[in-house]
Amino acid sequence: MRRYILKEKKLLLLSTILTIMVAVCNTSMALIMKELVDVGTIKNLSKFKILICITALVIIVLLLSEYFKKVVNNTLIKKWSIALKDDVFEELLKRNPKVFNSGSSGKYISILTNDVDMIKESYFSSIISLMQTVIQIIIGGYAIFKLDVIIGIAIVVLSILPLFIPKITEKYLSQKKDFQSEKLSKFTSNIKDIFQGFNVIKSFNIYDKINKQFKRANYESEEAELKFSNYNSLVNILTALCSYLMILISLAIGTYLVIKGKATAGILIASIQLMDIISMAVLDFTYEVIDLKSVKLINKKIIEIVEEDTPSEEGIEKLDFNKEIKFEDVSFAYEEDREVLKNINFSMKKGEKYAIVGQSGSGKSTLLSLLLRYYTEYKGNIYVDGVEVRELKLSNVSKLISAIHQDIFIFDSDIKDNICLFNFYEEEDIRKAIELSGLDKTINSLGLGINSQVGENGDNLSGGEKQRIAIARALIRETPILFLDEATSSLDKEISYKIESSILNLEDITSIVITHKLNESLLSRYDKIIVMKDGEIEEIGSFNELINNKAYFYNLFNIEAQAVLK
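In terms of the UniProt record's numbering, the sequence shown is residues 1 to 566.
Rather than coming from a laboratory, the hints here were simulated on the basis of the structure.
C-beta atoms are modelled at their ideal positions from N, C-alpha and C, and glycine is treated no differently.
Don't take each hint at face value.
[Claimed, not checked] Derived DEER-like restraints, expressed as beta-carbon distance ranges:
hint: 1; residue 1: Ile138; residue 2: Val61; range: 14 to 22 Å
hint: 2; residue 1: Asn423; residue 2: Asn322; range: 21 to 29 Å
hint: 3; residue 1: Asp208; residue 2: Glu121; range: 16 to 24 Å
hint: 4; residue 1: Leu448; residue 2: Tyr375; range: 56 to 64 Å
hint: 5; residue 1: Ser501; residue 2: Glu336; range: 25 to 33 Å
hint: 6; residue 1: Tyr497; residue 2: Asn544; range: 14 to 22 Å
hint: 7; residue 1: Ser233; residue 2: Asp208; range: 48 to 56 Å
hint: 8; residue 1: Asn230; residue 2: Leu448; range: 29 to 37 Å
hint: 9; residue 1: Leu13; residue 2: Glu308; range: 27 to 35 Å
hint: 10; residue 1: Tyr375; residue 2: Glu90; range: 54 to 62 Å
hint: 11; residue 1: Asn423; residue 2: Glu225; range: 16 to 24 Å
hint: 12; residue 1: Ile160; residue 2: Glu336; range: 52 to 60 Å
hint: 13; residue 1: Tyr554; residue 2: Tyr375; range: 26 to 34 Å
Modelling step: build the complete structure from the supplied sequences, incorporating the hints.
Structure follows, in structure tokens:
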């Protein structure tokens, strides 16, 4: 976290200067009290008037310094928090899908909200408070030593005692805070799942079970916070006890010195005031150290995210596609000893159209994931014009390939933003993509047309309309390679046929379409059909070649045809 703190050096310096001014003013008030008492004792009215004027001036400076110090400190904390959240978010987005999907979205939301807020409150705020208390202790300590060395020594010795408390309680307090963070993460995930599954809850009438699930997660979250708060309260009480002992013992020493005539009443009053300032500073110091220690594990977790190795942007620059995509002895497993692709060998020529068919779980979508470089731990090689995909610049892959996935995400914005994905395109390009995707009728029926809001995850749209938006967002990019993964599955036969036919008509575009709709008139237009079974390529050929072979594809096609007839 040090790098975030040192990012704002100018503000940090200004905060330090203002803190010194506040500490000097607080200490000066104690010394002015000494002078006022002593002046009152000797009844010096003229000096009394001067002291009153000085007091008024010190109070004005103190109030102004305190105000601007708080403004600067709040600004510092805001800037540190924004920088941390930005970095965490950026690093999470840079993760490859395998690493990203190992955690839930609820967990990531909790990190960006709950955990970062804990760092903000218990780390960033504590760092500033620590700086303030240290400065106040130094200036106050210097002043009390100037007043009386014996009282100064007593305060220094007694101040050491509270400093042992954070060390003693560090481990247990940190565990409690981390446990609280874990429960908050589960609670956030639970809420997210419940709201996303609202229609399922209503349709299957599982309200009571979901309500119990929520109540349990809510209770566990609050119970974890209670356990941390209770233990933290105990630690704070012990710290406060040490502070009170420091004041009482120092006061007893000061009173004894006055009785013995070794100190004046003014020195005693000033010492009491300074003891109060120093004891509160020591108390605050201890609290802030405890807060810092409490988020040690959370701090470590966030630093690991910010500093983790993400896919490098270094690689071969390639922005065009001229010859072929080639899979050479490619095997891949999501989990060890469970291969989903086995010895895949085939090539796809530029400008040709390819259909990939096979039953669910045969490995069709995994081919797309490897080509898009979502996973790089495969055996064998995948070449684009002779360049291994793993050696390409990661950003170049998305410029070569547009992919339409089965799971379509729609942003809570308007149709235009969801097609253009917040990039600028010419109106003619947008119109063309809308037309090719069959989205024009939908847009024309809406009051605001392309500027119509779609709602959260496209709640205002049908499943088919969402798919058409996904197709339009892929077509508008005009990449040389287009990959569709069951992209028309939610569309009716007529619309699905028109869209797939339009894609087959695209010149110079290499189209790779994963489909379960075995339509003869469409399949016969593909240059090659790649037939997959249990992670292996069973057959490759044109539609007529595969039908004449009367092998696996022939059986799949007949099963589909019979299902349509029924």
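Each hint tested on the structure:
Taking the beta carbon of each, Ile138 and Val61 are about 19 Å apart, inside 14 to 22 Å as hinted. Roughly 25 Å separates the CB atoms of Asn423 and Asn322, a value that falls within the hinted 21 to 29 Å. In this structure the supplied range 16 to 24 Å is violated for Asp208 paired with Glu121, their Cβ-Cβ distance being about 37 Å. A C-beta distance of roughly 40 Å is found between Leu448 and Tyr375, which places it outside the suggested range of 56 to 64 Å.
The given range of 25 to 33 Å is broken by Ser501 and Glu336, whose C-beta atoms sit roughly 43 Å from each other. Look at Tyr497 against Asn544: about 20 Å separates their beta carbons, and that is inside 14 to 22 Å. Take Ser233 and Asp208: their Cβ atoms lie about 36 Å apart, and the range 48 to 56 Å is violated. For the pair Asn230 and Leu448, the supplied restraint of 29 to 37 Å is violated, since their beta-carbon distance comes to about 54 Å.
Separation of Leu13 from Glu308 is about 32 Å and conforms to the stated range, judged on CB atoms against 27 to 35 Å. In this structure the hint that Tyr375 and Glu90 lie 54 to 62 Å apart at CB is violated, the actual value being about 21 Å. Taking the beta carbon of each, Asn423 and Glu225 are about 43 Å apart, not inside 16 to 24 Å as hinted. A beta carbon spacing of about 55 Å between Ile160 and Glu336 agrees with the range 52 to 60 Å that was offered as a hint.
Look at Tyr554 against Tyr375: about 32 Å separates their beta carbons, and that is inside 26 to 34 Å.
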